[in-house]
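2 protein chains.
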Amino acid sequence: MLKEERQQFILNEVRIHNKVLLTDMADLLNVSVDTVRRDIKELDSSEQLKKVHGGAVSLGFNNYNPIGQKIYSLEKKALIAEKAIKLIKEGQVILLSGGTTNLELARRLPSKMKLTCFTPSLPIAVQLLSKSNVETIFIGGRLSRDSQITIGGSAINMLSEIKVDICFLGTNSIHPNEGLTEFDWEIVQMKKAMIHSSRKVVSPCISEKIGSMQRYKICGVEDIDVLITELEPWDSKLEVFKTMNIQLL
Amino acid sequence: MLKEERQQFILNEVRIHNKVLLTDMADLLNVSVDTVRRDIKELDSSEQLKKVHGGAVSLGFNNYNPIGQKIYSLEKKALIAEKAIKLIKEGQVILLSGGTTNLELARRLPSKMKLTCFTPSLPIAVQLLSKSNVETIFIGGRLSRDSQITIGGSAINMLSEIKVDICFLGTNSIHPNEGLTEFDWEIVQMKKAMIHSSRKVVSPCISEKIGSMQRYKICGVEDIDVLITELEPWDSKLEVFKTMNIQLL
DNA sequence: AAAAAAATTGCATTATATTGCATATCATGC
DNA sequence: GCATGATATGCAATATAATGCAATTTTTTT
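Listed in order, the protein sequences are those of chains A and B.
Numbering-wise (my numbering), the first sequence opens with residue 1 and increments by one.
Numbering-wise (my numbering), the second sequence opens with residue 1 and increments by one.
Quick caveat, the hints were computed from the structure, so don't treat them as lab data.
The reader is advised that the hints may include incorrect statements.
Stated by the list, open to error - Okay, derived cross-link-like pairs now, DSBU-like style, lysine-lysine, Cα gap no bigger than 35 Å in a straight line:
#1 B:Lys163 - A:Lys3
#2 B:Lys131 - A:Lys77
#3 A:Lys19 - B:Lys131
#4 B:Lys3 - A:Lys3
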């Protein structure tokens with residue numbers, strides 16, 4: 001067996017289990033622990049995993065993230081996702097756009113909750129498949145490589161044929177006057193169609209996106225029913241929305 | 001044996017097995033390990049494989065399977081996938097059903113090949129997204145948790161609106177008299193629709209599935225244009241198909 | 001067609017890499 | 001702190017890599 005193979009095997013195990021023990025690897029690979037140790041040392045110095053006493057852990061799993069900002073906004077997104085889930089009632093039909101906040105929402109859906117869930121997002125669909133009580137319906141169409149959601153006429157057409165209870169619209173930019181905006185025209189069309197297909201539109205949005213603006217307009221703030229941020233509803237940053245006909249969470 | 005031949009042979013072995021050992025190649029090719037070493041050195045510097053201590057590995061070696069589960073008979077499926085890829089021509093529009101063989105096919109598509117690819121399979125779509133020259137179109141619909149493909153009227157409807165050059169129909173059971181069969185009725189409907197949408201139908205199928213039969217019929221052997229197995233076309237197990245109007249690869 | 005040049009191949013030699021083991025040191029939980 | 005298991009280090013055995021060289025084949029030139 002090639003060293004390369006062995007190292008790939010170890011990496012794979014780390015990816016799957018988030019951690020491995022030296023002794024397990026030595027057993028599985030039929031080599032001495034010394035060899036595994038050396039392999040892990042190499043993989044560690046090439047920053048493919050993190051060596052710890054007794055084994056190795058995946059880089060992502062370890063809660064420490066060198067880029068503090070990233071982990072921070074992940075926490076914000078988790079908080080938003082939890083608030084969003086409270087809006088969902090058993091048996092409803094929901095629609096999830098793309099984005100990491102909605103992915104977090106999908107991940108955190110209680111597994112006992114019965115739902116029908118439409119989505120044009122590939123990663124979200126994958127996530128939903130692991131929820132045994134969620135019936136997932138994928139909005140087909142041309143896949144955009146960047147955003148990993150389907151776009152184009154076929155997808156919009158499919159959206160035009162449905163009407164869901166709640167739509168969670170991942171929001172990159174929201175502005176009190178200009179409303180929701182995006183930089184990708186195709187995605188704007190998708191989001192417009194999603195709004196049309198929904199009785200209630202919820203915008204999960206981390207607070208730093210408030211006040212920002214992109215090239216193309218999706219809709220005005222008045223077309224959104226609920227705005228969810230990681231902040232408390234009475235936070236001063238949300239002041240501007242208080243007078244508008246929008247629920248803050 | 002020509003040097004060129006030898007190098008192609010090595011490359012082929014690398015593509016199928018993801019790795020080769022110097023000593024194996026020297027044995028198989030009846031040349032000294034020095035010669036193989038030199039060949040691999042050349043192939044490495046022309047970036048067709050990666051030279052490692054003791055042998056060589058394929059360039060995309062670390063392309064681990066994102067689902068993480070071990071694929072049964074991966075070697076055979078890899079061989080089938082490589083044969084299947086030879087049928088695809090630049091610029092064509094293809095349709096991939098689900099299944100691990102087709103997943104392997106998607107994984108091994110040359111990244112420089114321009115293609116339009118339809119699929120109702122979630123894992124295959126995820127895989128295809130990493131191919132920058134492949135335009136991926138997802139057949140939307142209700143997602144089946146077991147098979148990870150979309151099923152139901154909406155998906156079949158979308159299929160009815162397309163006509164592709166080649167369809168690769170993942171095959172679980174093929175029988176000389178009974179044709180292709182499946183145990184899931186919904187998937188049968190999908191596969192029927194896929195056949196209708198295709199000018200040419202290719203069935204990649206590992207040989208152990210030959211002769212097996214399930215409850216529901218998809219189509220007869222006569223509806224398949226090409227049958228690809230991991231065996232050589234003249235293998236005795238394929239004897240029964242020789243008299244039928246089907247190409248064996 | 002013959003000669004010269006270049007490429008290919010295998011072998012011998014030397015250098016380097018890999019691996020497992022023994023031993024001493026270190027970390028961790030109790 | 002003490003027992004246990006993990007780590008580091010040096011070392012020897014083995015496998016693999018690199019290099020130079022000579023024999024052979026292929027290609028090019030004359």
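Hints not upheld, ascending by number | 1
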